[in-house]
Amino acid sequence: MARMTMIEAIRDAMDVVMSVNENVVVFGEDVGYFGGVFRCTQSLQEKHGKHRCFDAPINESGIVGTAIGMAVNGLRPCVEIQFADYMYPAYDQISQEASRIRYRSNGEFTVPMTVRMPTGGGIFGGQTHSQSPEALFTHICGIKTVVPSNPYDAKGLLIAAIEDDDPVIFLEPKRLYNGPFDGHHDRPIIPWSKHPLGETPDGHYTVPLGKAVIRRVGQDVTVLAYGTMVHVAEAATEETGVDAEIIDLRTLAPLDLDTIEESVRKTGRCVVVHEATRTSGYGAELSAIVQENCFYALEAPVTRVTGWDTPYPHAQEWAYFPGPARVGAALKRVMEAS
Amino acid sequence: MPADASAEASHSLNSNLKASKEELLKYYRDMLLIRRFEEKAGQLYGMGHIGGFCHLYIGQEAVVVGVEAVKRKGDQVITGYRDHGHMLACGMDPKGVMAELTGREGGYSKGKGGSMHMFSKEEEFYGGHGIVGAQVPLGVGLAFANRYREEKKVSFTYFGDGASNQGQIFEAMNMAQLWKLPAVFVIENNQYAMGTSVTRSHSETHLYRRGASFGIPGVEVDGMDVLAVREAARDAVEHARSGEGPFILEMKTYRYRGHSMSDPAKYRSREEVDEVRAHNDPIKRCEQRIIDADFADATALKTIDKEIKEIVLKSADFAMKSPEPALAELYTDVVI
Ligand SMILES: Cc1ncc(C[n+]2csc(CCOP(=O)(O)OP(=O)(O)O)c2C)c(N)n1
Ligand SMILES: [Mg+2]
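Protein chains in written order, with our numbering: chain A, 1 to 338; chain B, 1 to 336.
Derived from the structure by calculation, the hints contain no laboratory data.
Since the structure is predicted, the reported quantities are computational estimates derived from the model, not experimental observations.
Be aware that a few hints might be false.
With a straight-line cut-off of 25 Å between C-alpha atoms, the simulated BS3-like cross-links for lysine-lysine are [stated by the list, open to error]: (1) Lys26/B / Lys71/B; (2) Lys284/B / Lys309/B; (3) Lys71/B / Lys47/A; (4) Lys332/A / Lys266/A; (5) Lys26/B / Lys50/A; (6) Lys266/B / Lys314/B.
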């Protein structure tokens with residue numbers, strides 16, 4: 001058992017699976033020699049060899065496309081797209097090839113590939129380094145989409161993803177790499193070493209895909225969140241005193257509907273939070289699902305708190321980011337509605 | 001010019017290359033403006049006045065200044081994210097560029113774009129693009145529009161050694177040659193893409209051959225000598241403007257600073273950087289030409305430096321005083 005940052009936990013996950021499964025290969029831009037721009041693959045090349053952890057040229061389509069070929073031919077590639085904002089050249093391969101091969105081949109072939117990508121803002125990255133494209137993945141059937149919110153989950157989910165027989169998009173909220181950022185950008189961040197969820201077991205363990213977890217038990221309103229927004233929702237709950245039940249979805253597809261339903265039936269209210277832009281965001285899906293499944297239990301309209309429908313600006317980043325003040329206001333609004 | 005005419009990059013000055021006093025002093029001044037501007041940007045970053053991504057052009061000044069020397073009014077420029085030098089060279093106001101870096105209303109994109117995303121219609125500058133390689137097909141499209149209107153304008157599309165591996169670059173090159181478009185591709189080969197050297201990512205390290213399978217001619221150029229750049233660019237632009245189609249210039253150059261502002265620089269040695277700074281610096285080499293030709297003495301060059309520093313200081317001052325954009329500004333120029 002060790003306290004790890006999310007970066008270390010992610011690295012450890014790859015290290016562990018590479019050690020037990022020789023079919024696992026890791027590659028991407030600056031991933032081998034340099035160890036990744038966020039250092040997630042540091043020392044993996046030294047330890048496992050250049051044939052198992054290596055650099056790729058800057059060509060995202062080529063990276064994911066070749067990974068799919070490797071995967072259908074018996075390997076388990078885990079590739080890195082340096083920032084989620086760079087994945088678009090690879091989107092063709094993800095949406096047309098990776099996600100369809102099982103279906104097209106009558107289940108004869110599957111694509112055991114994991115694509116890791118840092119996502120989200122809060123690091124002053126501007127419009128091409130802050131995006132949250134999860135809804136572009138959840139909209140595709142045939143792939144799984146995972147977003148961890150802490151080192152413990154990150155390691156267990158990543159091991160589960162690499163060992164899964166189908167393609168998994170693994171979105172890493174980069175603002176969480178070093179600590180549980182709760183949206184208070186003007187305060188120093190607590191490091192993961194001081195947070196219980198920084199406690200990460202040694203060796204092999206998995207956190208199952210498709211299972212949400214309740215981060216905070218509450219009676220008044222259910223908050224559906226993932227990634228950075230889990231911590232923002234916790235801060236908002238504390239600051240408003242609203243007794244919210246916070247569900248960390250962890251896997252967006254397949255979605256853990258049971259956990260959501262049970263909670264909303266209990267509280268009768270629901271707030272959905274994400275950092276991505278609002279229109280056609282994943283929150284729209286969540287909101288529809290809650291409405292379809294829990295309509296008669298609802299005492300207030302399902303409410304969304306999201307990024308604005310604009311590109312992520314360079315200036316005024318914190319006006320864009322849906323921080324605890326915006327989440328808190330929504331919690332109160334939902335409590336007042338009847 | 002033969003398709004494969006590669007010139008060895010050499011540190012010694014090619015004495016066959018000549019320029020007038022006015023020309024050399026202009027190049028010197030323009031390169032120095034970029035250098036001092038970038039140094040100031042680095043300082044402001046260190047002091048926390050600039051945030052996020054900021055890619056400095058220090059070391060590569062001769063490339064953009066040498067190419068600019070053969071550009072005609074109306075020719076277009078498009079580049080990636082290491083773009084401050086290109087903007088200054090095309091005549092954009094240092095104040096507006098610096099204020100964009102600090103994220104202020106007075107910036108070219110009102111602070112919403114940041115270091116990587118600025119444009120100027122007036123100076124025919126088509127951005128600043130943060131996505132590696134994305135600007136290259138756009139550059140070909142600019143060239144298409146020129147030809148469509150039967151204007152004798154050329155587009156200059158800059159990209160890096162790392163970018164030259166993106167698939168869309170090959171698509172764009174093929175189209176440019178197929179349609180014989182007036183496009184000049186300027187590959188700024190500074191030998192590294194972040195922490196990955198050319199040798200670790202390119203099966204063919206001579207990047208001027210990138211267009212070989214499409215029949216696009218290319219040359220390797222000493223990108224640390226502003227006159228060598230100018231001469232090569234002159235040939236390239238003539239080729240493009242006369243309707244012969246695209247041309248590739250591989251500029252052998254070097255970036256002194258880290259990739260962006262946080263770069264552990266473990267992928268290259270200090271000595272390697274120091275060697276270039278000491279013996280192959282584009283500004284020093286231009287200075288040498290000026291002194292050798294007796295166009296100016298050290299005192300006169302110092303005076304130029306002083307003037308440049310004054311311009312840069314004013315831009316920094318403006319960039320600090322300009323207010324942050326109003327919140328309502330977040331929603332302007334968004335089509336919903
Ligand atoms: C599509 C895409 N992939 C990856 C990146 C991340 N990235 C930014 S710059 C860079 C290196 C590019 O190197 P090069 O083209 O040589 O230009 P230089 O930085 O040397 O000027 C990388 C990998 C990006 N911005 N966009
Ligand atoms: Mg480069």
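Evaluated hints:
| no. | hint | verdict |
| --- | --- | --- |
| 1 | Lys26/B / Lys71/B | 14 Å, holds |
| 2 | Lys284/B / Lys309/B | 17 Å, holds |
| 3 | Lys71/B / Lys47/A | 51 Å, violated |
| 4 | Lys332/A / Lys266/A | 18 Å, holds |
| 5 | Lys26/B / Lys50/A | 49 Å, violated |
| 6 | Lys266/B / Lys314/B | 35 Å, violated |
This entry does not satisfy hints 3, 5, 6, going by the numbered hints stated previously.
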